[in-house]
Amino acid sequence: MTIRVVDVRSAAALAAIVCVLVGGTAWGQDCQVLTVGKPLPLTHATVVGYQPLIVAGDPNGQPPDSPALHVDPNVSTSLYAGVGSIENDLGTGMAYLGTGTLIDRRHVLTAAHLFDTNDDGRNDFDLSRTTFILNSSGNYSYLVGASAVAIHPNFTGFNNPSVNDDLAIITLSAAVPSSVPAYGLWRQEVLQGQTVTQVGYGRSGDGVSGFTIDPSWTVKRVGHNQMDAAEADDEGSGSAEVWYGDFDKPTGGLNFTGGLSLGNTVETTLGGGDSGGPSFVLYDNQLYLAGINTFSATFDGGPDAPLFDSGLGGILVYPYLGWIDSVVPEPATLAFLATGTAMVLVHRRRPRRLHVS
Numbered sequence: 027m028t029i030r031v032v033d034v035r036s037a038a039a040l041a042a043i044v045c046v047l048v049g050g051t052a053w054g055q056d057c058q059v060l061t062v063g064k065p066l067p068l069t070h071a072t073v074v075g076y077q078p079l080i081v082a083g084d085p086n087g088q089p090p091d092s093p094a095l096h097v098d099p100n101v102s103t104s105l106y107a108g109v110g111s112i113e114n115d116l117g118t119g120m121a122y123l124g125t126g127t128l129i130d131r132r133h134v135l136t137a138a139h140l141f142d143t144n145d146d147g148r149n150d151f152d153l154s155r156t157t158f159i160l161n162s163s164g165n166y167s168y169l170v171g172a173s174a175v176a177i178h179p180n181f182t183g184f185n186n187p188s189v190n191d192d193l194a195i196i197t198l199s200a201a202v203p204s205s206v207p208a209y210g211l212w213r214q215e216v217l218q219g220q221t222v223t224q225v226g227y228g229r230s231g232d233g234v235s236g237f238t239i240d241p242s243w244t245v246k247r248v249g250h251n252q253m254d255a256a257e258a259d260d261e262g263s264g265s266a267e268v269w270y271g272d273f274d275k276p277t278g279g280l281n282f283t284g285g286l287s288l289g290n291t292v293e294t295t296l297g298g299g300d301s302g303g304p305s306f307v308l309y310d311n312q313l314y315l316a317g318i319n320t321f322s323a324t325f326d327g328g329p330d331a332p333l334f335d336s337g338l339g340g341i342l343v344y345p346y347l348g349w350i351d352s353v354v355p356e357p358a359t360l361a362f363l364a365t366g367t368a369m370v371l372v373h374r375r376r377p378r379r380l381h382v383s
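Quick note: to get this note's numbering, add 26 to the position in the sequence shown (first position is 1).
Keep in mind the hints are simulated off the structure, nothing from the lab.
Hints may be right or wrong, so weigh each one.
[As the list claims (entries may be wrong)] Taking CB as the label site, the calculated pair distances span:
1) Val101 to Gly262: 45 to 51 Å
2) Ser235 to Ala201: 40 to 46 Å
3) Asp310 to Ser163: 22 to 28 Å
4) Pro99 to Asp310: 33 to 39 Å
5) Pro355 to Gln312: 19 to 25 Å
Owing to the predicted nature of the structure, the values given are computational and were not obtained by experimental measurement.
Beta carbons: idealized from backbone N, C-alpha and C, even for Gly.
Please model the complete structure; the sequences and the hints are all you need to start from.
Structure below.
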């Protein structure tokens with residue numbers, strides 16, 4: 027089985043590959059399972075296209091699903107209030123949109139390709155053009171600028187020549203208030219079949235019709251999938267760096283990488299604007315950041331994303347802990363563990379930037 031890689035950013039006016047989310051609301055027990063299988067096996071699937079996507083299940087399935095069922099309210103009690111949208115302003119009335127996750131009061135973990143419009147591995151945006159937008163207590167609760175952006179040193183551009191190493195850390199120009207949650211890093215390997223919760227501000231739709239809803243700076247959606255397989259370190263260490271899953275039909279399907287569907291209102295995939303967003307593991311009633319969502323995929327013999335039987339994936343956090351810890355002075359982690367879809371081009375429709383302290 028083959029996975030063809032196709033960069034569709036030019037045709038879709040995208041700045042990078044993005045992930046799509048659509049999942050159910052009843053996620054608790056699915057995500058609490060820690061030991062779910064063996065270490066992630068290396069994928070034998072062939073990807074014939076990496077494309078941008080956020081998508082729900084079948085609108086006519088049982089129970090029926092829709093993008094509206096996955097919208098997370100912009101309230102301070104939301105578990106996902108620390109997941110924000112990222113704006114990279116072109117200065118022309120247009121801007122690129124992605125997703126990022128707070129890992130402490132001053133740092134956001136996201137996808138490197140959100141900053142790299144020509145796939146050379148470098149940041150193409152002046153720092154004054156980057157804003158992290160939190161909607162933790164209503165629309166545009168906090169708009170915080172960037173004082174630095176660190177791109178992983180091995181990142182050489184999206185799928186240039188691989189999708190590995192696609193990580194960036196934004197250092198914010200001001201500390202986010204302590205009322206907004208920041209998330210610990212998952213400091214152990216992910217096991218095969220691990221259910222993850224995905225959050226993003228990207229395009230949405232369903233697995234039958236595809237995309238029907240535009241991305242938004244203020245509307246985030248929540249969904250779930252499983253980490254089924256992995257791709258090894260492109261520098262040759264042999265360790266897993268990239269995770270893969272598939273968007274299963276509620277009644278079965280081609281099932282390229284893993285088990286059966288999590289359920290029609292639970293299983294989701296990724297869409298334009300979701301890139302850089304989190305894949306969370308729930309453990310001991312706490313959310314931990316296990317992966318960064320960076321692409322949707324078309325498998326050889328399968329449909330294009332975001333339809334059912336297409337793929338999705340991103341970067342595993344665990345192999346990159348050394349680099350993250352070197353950039354973030356006091357990373358959000360717990361001692362007991364020892365232990366970015368892509369941006370999409372949108373019109374700017376928001377207040378001017380505000381600085382918080």
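Evaluation of the provided hints:
1. Val101 to Gly262: 45 to 51 Å: holds (46 Å)
2. Ser235 to Ala201: 40 to 46 Å: holds (42 Å)
3. Asp310 to Ser163: 22 to 28 Å: Once the Cβ atoms are compared, 26 Å apart, the range 22 to 28 Å for serine 163 and aspartate 310 holds.
4. Pro99 to Asp310: 33 to 39 Å: violated (25 Å)
5. Pro355 to Gln312: 19 to 25 Å: For glutamine 312 against proline 355, whose Cβ atoms are near 22 Å apart, the range 19 to 25 Å holds.
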